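Participant: One letter stands for each residue in the lines below.
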Amino acid sequence: MAEDIKKPATLATGDRTIPPKDAKMIPIYIMGREYMVPETLTIMKATEYAGYSYVRGCGCRGGICGACGTFYRFMGDYRLRAGLACQTVAEPNMVLSQLPFFPSNRPGYEIENTGGNPHEELRSLYPEVFKCVGCGTCTRTCPMDIDVMDYIALMKRGDLKAAALKSFDCVQCGLCTSRCPAQISQPNAAQFVRRIYGKYMLPKASHLSKRVEDVKGGKYEGMLKELTSMKQEDVKKLYVEREREPDLAESGKWMPKDTSKL
Amino acid sequence: MSGGYTTALKELIKKVEATRAARVEKARKGDHFPALTMEQRQEWLKKYHPDYNNDGRRAVEVGPNKGTVYPEEVSTLLESKSRLNTRAVDLSKTDYETDLLVIGAGGAGTAAALAAQEAGFKVLVSTKLRHGDSNTVMAEGGIQGADQEGDSPYFHYLDVIGGGHFSNQPGLVAALTNDAPLIIHWLEGLGMMFDKHPDGRMKVRHGGGTCRKRMHSSGDMTGAEIMRVVRDEARNRAEGIKVLEFTPAVEILLDESGNAAGAVLYNLETKEYYVVRAKAVIVATGGFGRLHIQGFPTTNHYGATADGVVMAYRAGVSLQDLDSTQYHPTGAIYPEQNVGLLITEKVRGLGAQLLNIEGEQFCFPLEPRDVESACVIRECREIGQGIVTPTGRHGVWLDSPMIDMLHGEGAVRKELPAKYIQFKRYDIDISKVPMLIYPTLHYQNGGISINEWSETSVKGLYSAGEVAGGVHGRNRLMGNSLLDVLVFGRRAGIKAAEYMKSHEAGKKLSLNHVEKFNKEIEKAGIDNGIASPLLLPDYAPDHVRTRQVG
Numbered sequence: 001m002a003e004d005i006k007k008p009a010t011l012a013t014g015d016r017t018i019p020p021k022d023a024k025m026i027p028i029y030i031m032g033r034e035y036m037v038p039e040t041l042t043i044m045k046a047t048e049y050a051g052y053s054y055v056r057g058c059g060c061r062g063g064i065c066g067a068c069g070t071f072y073r074f075m076g077d078y079r080l081r082a083g084l085a086c087q088t089v090a091e092p093n094m095v096l097s098q099l100p101f102f103p104s105n106r107p108g109y110e111i112e113n114t115g116g117n118p119h120e121e122l123r124s125l126y127p128e129v130f131k132c133v134g135c136g137t138c139t140r141t142c143p144m145d146i147d148v149m150d151y152i153a154l155m156k157r158g159d160l161k162a163a164a165l166k167s168f169d170c171v172q173c174g175l176c177t178s179r180c181p182a183q184i185s186q187p188n189a190a191q192f193v194r195r196i197y198g199k200y201m202l203p204k205a206s207h208l209s210k211r212v213e214d215v216k217g218g219k220y221e222g223m224l225k226e227l228t229s230m231k232q233e234d235v236k237k238l239y240v241e242r243e244r245e246p247d248l249a250e251s252g253k254w255m256p257k258d259t260s261k262l
Numbered sequence: 001m002s003g004g005y006t007t008a009l010k011e012l013i014k015k016v017e018a019t020r021a022a023r024v025e026k027a028r029k030g031d032h033f034p035a036l037t038m039e040q041r042q043e044w045l046k047k048y049h050p051d052y053n054n055d056g057r058r059a060v061e062v063g064p065n066k067g068t069v070y071p072e073e074v075s076t077l078l079e080s081k082s083r084l085n086t087r088a089v090d091l092s093k094t095d096y097e098t099d100l101l102v103i104g105a106g107g108a109g110t111a112a113a114l115a116a117q118e119a120g121f122k123v124l125v126s127t128k129l130r131h132g133d134s135n136t137v138m139a140e141g142g143i144q145g146a147d148q149e150g151d152s153p154y155f156h157y158l159d160v161i162g163g164g165h166f167s168n169q170p171g172l173v174a175a176l177t178n179d180a181p182l183i184i185h186w187l188e189g190l191g192m193m194f195d196k197h198p199d200g201r202m203k204v205r206h207g208g209g210t211c212r213k214r215m216h217s218s219g220d221m222t223g224a225e226i227m228r229v230v231r232d233e234a235r236n237r238a239e240g241i242k243v244l245e246f247t248p249a250v251e252i253l254l255d256e257s258g259n260a261a262g263a264v265l266y267n268l269e270t271k272e273y274y275v276v277r278a279k280a281v282i283v284a285t286g287g288f289g290r291l292h293i294q295g296f297p298t299t300n301h302y303g304a305t306a307d308g309v310v311m312a313y314r315a316g317v318s319l320q321d322l323d324s325t326q327y328h329p330t331g332a333i334y335p336e337q338n339v340g341l342l343i344t345e346k347v348r349g350l351g352a353q354l355l356n357i358e359g360e361q362f363c364f365p366l367e368p369r370d371v372e373s374a375c376v377i378r379e380c381r382e383i384g385q386g387i388v389t390p391t392g393r394h395g396v397w398l399d400s401p402m403i404d405m406l407h408g409e410g411a412v413r414k415e416l417p418a419k420y421i422q423f424k425r426y427d428i429d430i431s432k433v434p435m436l437i438y439p440t441l442h443y444q445n446g447g448i449s450i451n452e453w454s455e456t457s458v459k460g461l462y463s464a465g466e467v468a469g470g471v472h473g474r475n476r477l478m479g480n481s482l483l484d485v486l487v488f489g490r491r492a493g494i495k496a497a498e499y500m501k502s503h504e505a506g507k508k509l510s511l512n513h514v515e516k517f518n519k520e521i522e523k524a525g526i527d528n529g530i531a532s533p534l535l536l537p538d539y540a541p542d543h544v545r546t547r548q549v550g
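Line by line, the protein sequences are chains A and F. Going letter by letter, the first sequence gives residues 1 to 262 in my numbering. Going letter by letter, the second sequence gives residues 1 to 550 in my numbering.
Calculated directly from the structure, the hints in this document are not laboratory data. Please note that a few of the clues may not be correct.
The calculated DSSO-like cross-link candidates involving lysine-lysine, where the alpha carbons are at most 30 Å apart (straight line), are [to be verified]:
1) Lys-261/A x Lys-507/F
2) Lys-257/A x Lys-29/F
3) Lys-26/F x Lys-15/F
Have a look at the derived ranges for each label pair, beta carbon to beta carbon [as the list claims (entries may be wrong)]:
4) Lys-414/F x Tyr-78/A: 35 to 41 Å
5) Gly-30/F x Gln-183/A: 54 to 60 Å
6) Ala-23/A x Lys-516/F: 46 to 52 Å
7) Asp-22/A x Pro-34/F: 44 to 50 Å
8) Gln-183/A x Glu-256/F: 51 to 57 Å
9) Asn-528/F x Lys-231/A: 39 to 45 Å
10) Asp-542/F x Ser-124/A: 44 to 50 Å
11) Tyr-78/A x Asp-542/F: 57 to 63 Å
12) Ala-22/F x Leu-248/A: 17 to 23 Å
13) Tyr-200/A x Val-549/F: 36 to 42 Å
14) Asp-22/A x Gly-67/F: 52 to 58 Å
15) Leu-248/A x Gly-384/F: 54 to 60 Å
If you're wondering where the values come from, they're calculated on a predicted model, not measured in any experiment. Heads up, the beta-carbon is just placed ideally off N, CA and C, and yes, glycines get one too.
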């Protein structure tokens, strides 16, 4: 028996896969190299099961951070597929490679000075958007099922509101960018458009700016001071006696019985 | 792929469907399952919450908090030696000179960097993974802020401190609730896409433990939207904010007066170290979910390994409430691929109820999170009315189809798009069938001790976000962590800027505090074989690890 060469770690190991005894083993090909892994694991967990320790290509492990974009094919099938490694289940004869980074174009801009003619701004920052050839590869590639080509078309037309809404679920993994024949960096262009929409096209919350003035004027400092210096029993009493706003109350219309602390 | 629920589970879902119409009818009338009294809350917590379970907890034997009882995993980490060989580092040569060093590039770190840059200072940001890789990006449900006419920071304060069982630092709660409207307004000005009514009024809803509707959201990816926007803004200011990705800090540097004066960074790819000299340092490295306290699955980001806590502890900063862990009441337990996945509290905010195997309610669905978790654990472990999955996990139903019935067809898809996709992938349509859930490790309640300006006991050292403690006491309410990271991140940046106006970077950089700490560990006779900060979890299985020779 060989002596244990490496002491197994005892901390931060709770996501290790412990497959059931009768788990069926399947072959997958990580960057072309064959490994046998238990079925039903995600690509990410299968890769770790095979012995890889991630530095790049792993983030939230919950499908929202965009770190683990992955391309794969099945042996004998010409079709190129894409997914997030933390969300896609490994299947037999999958030949895969993650794309932890892809160079993209991201010109800087000043959000405060961009409201005048955002469509023209978009054209000067991202002229390549207007050279979309409409092949639809981006849409077929998107692991979030976003119709990327459609939001690019909306940008070209100047419908920035629709483009902002349509691109909202983007996790910025960059898979679309890597496949685009027009060399567009879709996630960055979409980020620009969403901020322009959020700042200049969505109507402002006037109740919020009013409240901000009150806060800046120190209106709540006294009330908060009163609470921080109060005995715990008294704070508890206030807590228990709070009036709860009804779930279906209309915002801005509903008022509590005691209005002295507003 | 998995073909949805098994036949056995489909049979059980029929019981949920049988009671649904009557439950929806009652919910429409505002007729809720009664909430627990304050006494019952304490009783339930003591009996059923993992924080109160003394197995797997012990006192730490070294450092400023020597003698304090923490979960085994935390004590072990605090008693580990530095991963840095201090003698191998040449501190006489500096690789980066900057005004401010920010360690961590999630919500708190980025907010701090923006605030300091606005004050005219040069910022270097060190981050272990990519810019934005953090728990911030994963927060789904929303961000609190008292900006409606019927609400005010006063009521927000009461909710926060009551939710924390009055164990929070009052000054921190006051800062949090006072600044909340300012933060929401700042985000609106940066172009964040808040959910709004057509006239611009913020759409707000309740969260667990709130007395007013003040939860702001951006679909069910509020944290991701916040992170995208603040990161984009930091990139627009690249001249003043330089970000080093895959280059975590491994120790803080102090100067001849014991003030924070920089850090040693470590390039994960080239394995080189770099010496950074700075006038001030902000620790914003996030939480400890990946330590998997008491073996729980976690909703946390891959990098959540408590690095900042360890470094600050060695620099002499004390910790508070770090023995308190938040278990989010609703982590997915089915299908196996979704285990640990967070099911946002928004689902319950929209009216979905928790049900046992009989399809009956057993608790008020919007208790504070620790109480709600205790209720679920009680129902499964004590009452025995939980549902058991094919892989042997216990849980209860979360009846999401109620949402469409209460708010109209399509509400689930519209309000919870990400969650809908994550289940649809496994042939489960959560607008038609309920989800199976159980509490999951979600949040580090305590951390580095700070005051209301994010200052620690070491001069020039600031801390903000999940790594810091005291804001939420022993339990955090939904929507207050996204707020916390931005309030105290910005406050740290502002205060550090004030400090930097009159302080130059220290002349002589030192790691003596680390060597001293290593000696203290040896003196205590501890040799646990772990080197920290951990930086990354270790998920390679034993059959691989025991064969690794490199």
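Participant: Could you work out which earlier hints the structure fails to respect and list their numbers in ascending sequence?
Facilitator: 1, 10, 11, 13, 14, 15
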